[in-house]
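Assemble the complex: chain X is given as a structure, and chain B must be docked to it using the hints.
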Amino acid sequence: MSNASAQVRVDLTAIKDSVACFGSGRQAEYCAVLEVAGSQQSLAKVDEAKQEELLAGYAQFLNSLTFVFQLVVQVHPVDLAWYVARVEERSRFLSPSLVAIARDHAAFVQGLTRQRTLLERRTYVVVPWSAATELGSVRNPALRWRLPWRSSGRVTIDDEHAFRLEAISRQLTDRCDAIGRQLSRAGLRTARLDDVGLAQLYHSSWAPEIARSQRLRRELTDYTALVVGASIRPSRSIRAEDIDGVASLERGPAGSRT
Amino acid sequence: MPLPFQIRLARKGATSHNASRLEDGTHAGSPVLSPDGRLFALGTRTLADLIAPAGAEIRRDHLQLDAQYLRVMVVTGYPRTVAAGWLAPLVEEIDLPLELSLHVRPLSSGDMVRALGLQIAKLESSRRVDLLAQRINDPERDIALEDADRLRGSLQRGDERVFSVSLYLLLRAPKRRALDDATRRVEANWMGCWCIRA
Numbered sequence: 001m002s003n004a005s006a007q008v009r010v011d012l013t014a015i016k017d018s019v020a021c022f023g024s025g026r027q028a029e030y031c032a033v034l035e036v037a038g039s040q041q042s043l044a045k046v047d048e049a050k051q052e053e054l055l056a057g058y059a060q061f062l063n064s065l066t067f068v069f070q071l072v073v074q075v076h077p078v079d080l081a082w083y084v085a086r087v088e089e090r091s092r093f094l095s096p097s098l099v100a101i102a103r104d105h106a107a108f109v110q111g112l113t114r115q116r117t118l119l120e121r122r123t124y125v126v127v128p129w130s131a132a133t134e135l136g137s138v139r140n141p142a143l144r145w146r147l148p149w150r151s152s153g154r155v156t157i158d159d160e161h162a163f164r165l166e167a168i169s170r171q172l173t174d175r176c177d178a179i180g181r182q183l184s185r186a187g188l189r190t191a192r193l194d195d196v197g198l199a200q201l202y203h204s205s206w207a208p209e210i211a212r213s214q215r216l217r218r219e220l221t222d223y224t225a226l227v228v229g230a231s232i233r234p235s236r237s238i239r240a241e242d243i244d245g246v247a248s249l250e251r252g253p254a255g256s257r258t
Numbered sequence: 259m260p261l262p263f264q265i266r267l268a269r270k271g272a273t274s275h276n277a278s279r280l281e282d283g284t285h286a287g288s289p290v291l292s293p294d295g296r297l298f299a300l301g302t303r304t305l306a307d308l309i310a311p312a313g314a315e316i317r318r319d320h321l322q323l324d325a326q327y328l329r330v331m332v333v334t335g336y337p338r339t340v341a342a343g344w345l346a347p348l349v350e351e352i353d354l355p356l357e358l359s360l361h362v363r364p365l366s367s368g369d370m371v372r373a374l375g376l377q378i379a380k381l382e383s384s385r386r387v388d389l390l391a392q393r394i395n396d397p398e399r400d401i402a403l404e405d406a407d408r409l410r411g412s413l414q415r416g417d418e419r420v421f422s423v424s425l426y427l428l429l430r431a432p433k434r435r436a437l438d439d440a441t442r443r444v445e446a447n448w449m450g451c452w453c454i455r456a
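Protein sequences appear in the order of chains X and B.
Just so it is clear: in the first sequence, position 202 is 202 by the numbering used here, and no numbers are missing.
Add 258 to the 1-based position in the second sequence for the numbering used here, that's all there is to it.
Covered by chain X, according to a simulated footprint, are these stretches of chain B (three or more residues, beta-carbon under 8 angstroms): (1) 302-313; (2) 316-326; (3) 353-365.
If you're looking for bench data, these hints aren't it; they were derived computationally from the structure.
Here a beta-carbon is modelled for each residue, glycine too, at the ideal position from N, C-alpha and C.
Just chain X, same shape as in the assembly:
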């Protein structure tokens, strides 16, 4: 067992434009995730005619695909403590006749969670992209990404990286749209996870206990953007504490934000 921190073991390097990126450089792998909301009926329990219709829809979905995908079914325990707390909080503002009903309902839900294991099922379709899979047939993968105006010498590595990311993002969007269209024919609704949705999914997979108690903010950049600024007041001189970045340097490696 190595002594490396847990962060080093997480290969996720960026989430941008609803695409998660693993690793870096030409070896980087990308993926987009669709959440699938299906019917509550089990396929094995519906009647034969309906089953045939659904299976034909799924077969059409599979036959239409020309790329790799991954189907993930997550079965997680449901934490209803937040729901009970919300019902109790709301009950304070209700009329006395409704208060008793609300408290009774909260007690019922609490009892249910104690007596039974409540599980929530979520289904996702993951559409990955990696150079090894997509460009495997091309002899020199570097050629695939060479821009027509590269020979002029005006293109930097950053430009090429941005172009590459854009092309991958567009390809993943097309694939997600194709999957969404095909699954909707089989009666399933899909919704693509945005940046925060992806971060929440990975957070709940890597650290479920923390994810349950800590909700992510709407903007991921709030967490990772550098906060280096000075609140300049003409009346007095600027101290090191006024500059967040400097303060964090003085405090050491604990954090950069005050």
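Positioned in the frame of chain X, the structure of chain B alone reads:
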């Protein structure tokens, strides 16, 4: 084979521009930083800082993330045919927190037709040798020949396609003993499949 995306770990020697911040504050593949730069890099936050657990430990037959125990099982043998909803008992009837991950890779029909042609030629020649030697037909080979021939016809007509499929199961439990119990329950309930603990 790829692991379920939820628990994929950084590859050995993989470099990333942001999350691979090393213990000494440097980034893998980046130029050597000055002492101040190194301190500053340690203070910055990355996406990995946000989602990573406090601790991750890889053991021989399980993984530990924070206080939770995880185990991945790989299905290595499948039944010859499956009915609609064959995985439903696992997802719906066993009350266990788990994650099922099915990787599907479409294969080129042209390549498959060529590969099946070769397979049919092998099986057919084996059958003819047996016939010449006046040996009794092998029923397993006859079924395989029939299946391969039918599949080749369907592929050629475009009625069917072939996929490479791999199935993984991730079990989670708060204690090691609970994880072992969950593993035994899954192994007992997974009728007709061979699975191994990864």
